[in-house]
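K.L.:
Here the protein sequences come in this chain order: A and B.
When you read off a place in the first sequence, starting at 1, and then add 157, the result is the number in the working numbering.
When you read off a place in the second sequence, starting at 1, and then add 157, the result is the number in the working numbering.
It is worth saying that the hints were derived from the structure and are not from the lab.
There's no promise every hint is true.
Copies of the same chain are indistinguishable here, so a pair counts whether it falls within one copy or spans any two.
To be verified - Here are the simulated BS3-like pairs of lysine-lysine, each with C-alpha atoms no more than 30 Å apart in a straight line: (1) Lys532 <-> Lys584; (2) Lys492 <-> Lys508; (3) Lys387 <-> Lys355; (4) Lys355 <-> Lys532; (5) Lys275 <-> Lys234; (6) Lys538 <-> Lys329; (7) Lys465 <-> Lys324; (8) Lys357 <-> Lys531; (9) Lys214 <-> Lys234; (10) Lys465 <-> Lys532; (11) Lys163 <-> Lys347; (12) Lys312 <-> Lys505; (13) Lys557 <-> Lys234; (14) Lys312 <-> Lys493; (15) Lys254 <-> Lys278; (16) Lys170 <-> Lys214; (17) Lys493 <-> Lys542; (18) Lys254 <-> Lys490; (19) Lys542 <-> Lys254; (20) Lys531 <-> Lys465; (21) Lys357 <-> Lys387; (22) Lys347 <-> Lys465; (23) Lys214 <-> Lys275.
There are 2 protein chains.
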Amino acid sequence: MSNKSKLSTESYKGVRDFYPEDLFIQNYIFNTWRRVVESFGYTEYSASVLEPAELYKAKTGEEIVNEQTYTFTDRGKREVTLRPEMTPTVARMVAQKQHDLVFPLRWYSIPNLFRYEKPQKGRLREHWQLNVDIFGVDSNYADIEIITIAHRIMKGFGAKDDDFVIKINNRKIINALYKKFDLDEEKSHKVSKIIDKKNKISVAGFEEALTEIMGERALEFITSMESNEKLIEALGSNNKYTNELASLIEQLQDSGVTNITFDPTLMRGFDYYTDMVFEVFDLHPDNNRSVFGGGRYNDLLDIFGAPKVPAVGFGAGDVTIRDFMETHGLTPKYKKTIDLYICTTETKYVKEANKLANNLRQNGLNVAVDFSDKKLGDQVKTAHKQNIPYVICVGEDEVKSGLYKVKNMDTGEEVKARIDEIVNAIKK
Amino acid sequence: MSNKSKLSTESYKGVRDFYPEDLFIQNYIFNTWRRVVESFGYTEYSASVLEPAELYKAKTGEEIVNEQTYTFTDRGKREVTLRPEMTPTVARMVAQKQHDLVFPLRWYSIPNLFRYEKPQKGRLREHWQLNVDIFGVDSNYADIEIITIAHRIMKGFGAKDDDFVIKINNRKIINALYKKFDLDEEKSHKVSKIIDKKNKISVAGFEEALTEIMGERALEFITSMESNEKLIEALGSNNKYTNELASLIEQLQDSGVTNITFDPTLMRGFDYYTDMVFEVFDLHPDNNRSVFGGGRYNDLLDIFGAPKVPAVGFGAGDVTIRDFMETHGLTPKYKKTIDLYICTTETKYVKEANKLANNLRQNGLNVAVDFSDKKLGDQVKTAHKQNIPYVICVGEDEVKSGLYKVKNMDTGEEVKARIDEIVNAIKK
Chain A
158 MSNKSKLSTE SYKGVRDFYP EDLFIQNYIF NTWRRVVESF GYTEYSASVL EPAELYKAKT
218 GEEIVNEQTY TFTDRGKREV TLRPEMTPTV ARMVAQKQHD LVFPLRWYSI PNLFRYEKPQ
278 KGRLREHWQL NVDIFGVDSN YADIEIITIA HRIMKGFGAK DDDFVIKINN RKIINALYKK
338 FDLDEEKSHK VSKIIDKKNK ISVAGFEEAL TEIMGERALE FITSMESNEK LIEALGSNNK
398 YTNELASLIE QLQDSGVTNI TFDPTLMRGF DYYTDMVFEV FDLHPDNNRS VFGGGRYNDL
458 LDIFGAPKVP AVGFGAGDVT IRDFMETHGL TPKYKKTIDL YICTTETKYV KEANKLANNL
518 RQNGLNVAVD FSDKKLGDQV KTAHKQNIPY VICVGEDEVK SGLYKVKNMD TGEEVKARID
578 EIVNAIKK
Chain B
158 MSNKSKLSTE SYKGVRDFYP EDLFIQNYIF NTWRRVVESF GYTEYSASVL EPAELYKAKT
218 GEEIVNEQTY TFTDRGKREV TLRPEMTPTV ARMVAQKQHD LVFPLRWYSI PNLFRYEKPQ
278 KGRLREHWQL NVDIFGVDSN YADIEIITIA HRIMKGFGAK DDDFVIKINN RKIINALYKK
338 FDLDEEKSHK VSKIIDKKNK ISVAGFEEAL TEIMGERALE FITSMESNEK LIEALGSNNK
398 YTNELASLIE QLQDSGVTNI TFDPTLMRGF DYYTDMVFEV FDLHPDNNRS VFGGGRYNDL
458 LDIFGAPKVP AVGFGAGDVT IRDFMETHGL TPKYKKTIDL YICTTETKYV KEANKLANNL
518 RQNGLNVAVD FSDKKLGDQV KTAHKQNIPY VICVGEDEVK SGLYKVKNMD TGEEVKARID
578 EIVNAIKK
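Given only the sequences and the hints, what does the whole structure look like? Please build it.
P.N.:
Here it is in C-alpha cells:
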C-alpha cells in the first residue's frame, strides 16, 4: 500500500455518487414520475447528454449559454455542450421527424443535465429532470393537462394541497403591461430578467434596477404588479389574456387543482416561453422556494426552420424534489431488492447452495449465496447488516433431508420448508 | 419560417437519439439485465458521467486514455473526463466507503460511457453498459457466479446455448508463458496488446509484430498458444493456473454453463485484470464477434492507497447486445405503455372525458384524452396510428347514460361498460 500514486476517492465537484441507499431514493423519484406521466398516456424518449453547442445559442437564456454551460471543442473541431436542459433536444427531435410523428404527441424523458455553477442547496452541477411535453395542441386543454400532471406528481410524492402552491402567469399579460409602459423589446427583456430575480435581491435594489431602465415610471409599474386588482386596473378589465388566465384557473380548480394562484411577477428563466408559465412553490418555511415549473412555448421549432408546433410542458428536477421530500418528512425508507441470503456450514456445500439458489431464482426470488469460509454466525450477521429479510443455512442435514429452515430476520421466526415451499414462505 | 438561422436537427456525431420505439428496446435490454442480476442479489449504484481525468491515468489501457477519451479542462482548471468505463468509478466508490460497506459486496450499474472513436458497427461514441461486480471474494466461487450471470443474461435475451460461446483464460497462464519465453514486463505488455488485436490483423502481420519483439522465438511462442495441448506441453502438466482453470470450467459445465471453452489468446483490453478473463462470443456467421466480457481484478484499489479488495466482474454494452438480438431475430416488438384513448364528439365534452380519464387512472389504467376539434373518425385514426389498444368516445349519449362503448382496436369488437366495468373490460 504505497502512497506514491494515491488518488482521491472523491467524485468530481458538484456531482453525486449514488450508493445503493441514494439510488434507492433516486429510483423512487423516477418511478413516481413515470407512474404519473404514463397514466396520462405519455411515452418515454431519450437522447445523449452531448449536443452541438449551436443548439443552445438561439433560444436559451443568454446567461445560461455563456456563463453556465459545459462547452468544449472536440478533436474534430466541433463545439459540444453537455445539455443544460432538455427542451431544445426534444424540439430538435420533433422537428427531425415532424412528418412521421402523430400529434398530439405526449412525450416524457428523465435526462441528466449539467450546469456550470457554484454548487448550493437545490442547485448542483448535475441533476436529473423529468421533462413532460405535449406537442400539437394550441388550446387551454393542454395547459390544464400539464398543470394537472404537475399537481398529481406532487400528490404522488405524498404532498398535501397546503404543502405547496402552483403559481401561474402568462407572458402575454406581462407583455401587455410592457406595452402600456412603452418598453421596447430590449428594455422588456431586461425588465423580465430583473423581475425573474426579484426574490434574490432587496426591495430597494429591485426598485433601483427598474428605475435605471424605465425612469420615474418604475414605481407605478411596480404598483401595477402588486395584486390582481391593480394589474386589472392597469390593463383594463376586458383584457383578453387576464380573462383567459382567470378561466384557466377556474377550470383547474374545478378539476381538483385548488392550490393555484395568479402571480404577475412569475417569469421563468427561459426565453422561449410564449404564453402561460407556472411554478410549483414549496410553502414550508424551511424550504420556501420553487420546486419546479414550466410553460407554453409555441415558437421553438422555428430555429430548425420547421413548421410551427404549439407545445406546453415542464421540467422537474430530482434535487429540489428530494429537498421537498426531506423538508416534509416524505423520504421513503431504504429497502433492498434482495429477498434471501443462503449461508453454508462449510464451503463444500456452496455447490448445493448454488443449486438451491438457482431453483429459487427461477421462481422469482432474488437470492445471494455466501461463499466465504466464515463461521455460520458471521454469515448470518452479514445478511443482517445488509437488511436482507430472510436467511437459509445449508449443511449436511439440509442436503440429506431436503428440508430448509427459513429464518425471518425481522421476527427471528423460523419455518421448515421443502424447496417448493420456500417461495410461499417468503412471498407471504 | 425563415432559413436565416436554420439549425440542424441531427444529433451530435456518433451518439443516438432514442425515439419511443428505440427507447422501448433500450428499456427491454435494461430490464432484462436488472431482472437477472437482481435475482443473484446484486444491488444498483450509480455515479456521474463526469470524473476527474486522473482516475483513468493509472490503470486503464494507455491507448484508451490518450487517444480515446473525451477529456477537457473546466473553468476551475480541473481536468475532467467523460467516463470511458465504469470500473475505475466503482473502485473509487468502494475505496471511499471501504470501512462502512459489507463484503461480499454485490453491485451493479447501467452507466453510459463515452469513447472518442470512429463510429462503426457495434462501436459508437456513447453506449450504455451493464457493470456487474462482486467485491471481497478471492475464491473461484465468485468467478463461477459472475460467468453464470453472464450466461443467464444471454439466455434472458432468448439466446440458445449454441448461439454463443464463452471463451475463458487466465492472465497468470499467459504470464507464465511470457516467463518461459524470457519476456520482461515491457515486452510482455507489448505482446499482450498484439495478441489482443490478433483478430484484427493478418496472420503475417501478427507473426511480424511478435518477431519484432521476441525475435526468432516468436514462431515457437505462437505454436504454444495454438491449442490447450501445446500450451500444457509448454508450461508443464502440473502448472497451477492451467489446472485451476480446468477445474473452473468443469464446475461451470457442471452447473449448466456448457458452452464454455479455454482460449489462451483471450486478453481483454484493460490493464487491470490480474487473473481470470472471459468473453461472450457470438457464433453467428454474420456477427462473429465479442458481445461482452470481464474478469478478475484484485489490485485496482491500490491506486487509492486503500487496502486490497479482490474483485471480479464484467461490463456488457447495449450496442453489441442489440446487434446480437437483431442477428438472431430476438429483438422484441414495440408496445406502447398506454391502454386507452378517449375521443370526444365535441370539445365541450372534454371536461367529462377528463373526469372519466382521471377515474380510470386512479384504477391503474394509462389513459390519454384527445382535445382536438377533429372529426371523431380522425380522432380514432390518431389512436390507431399510435397503436393504442382501446378507444372510448364520449358524447351526449355517454354523458347521459353513463354507459361507454369500449372498442378493441385489434379486433374491432365493442363492449358496453359502466365506469367501474371499464378496467376489467380492458385488463382482460
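K.L.:
Checking against the hints above, which ones are violated?
P.N.:
4, 6, 8 and 13
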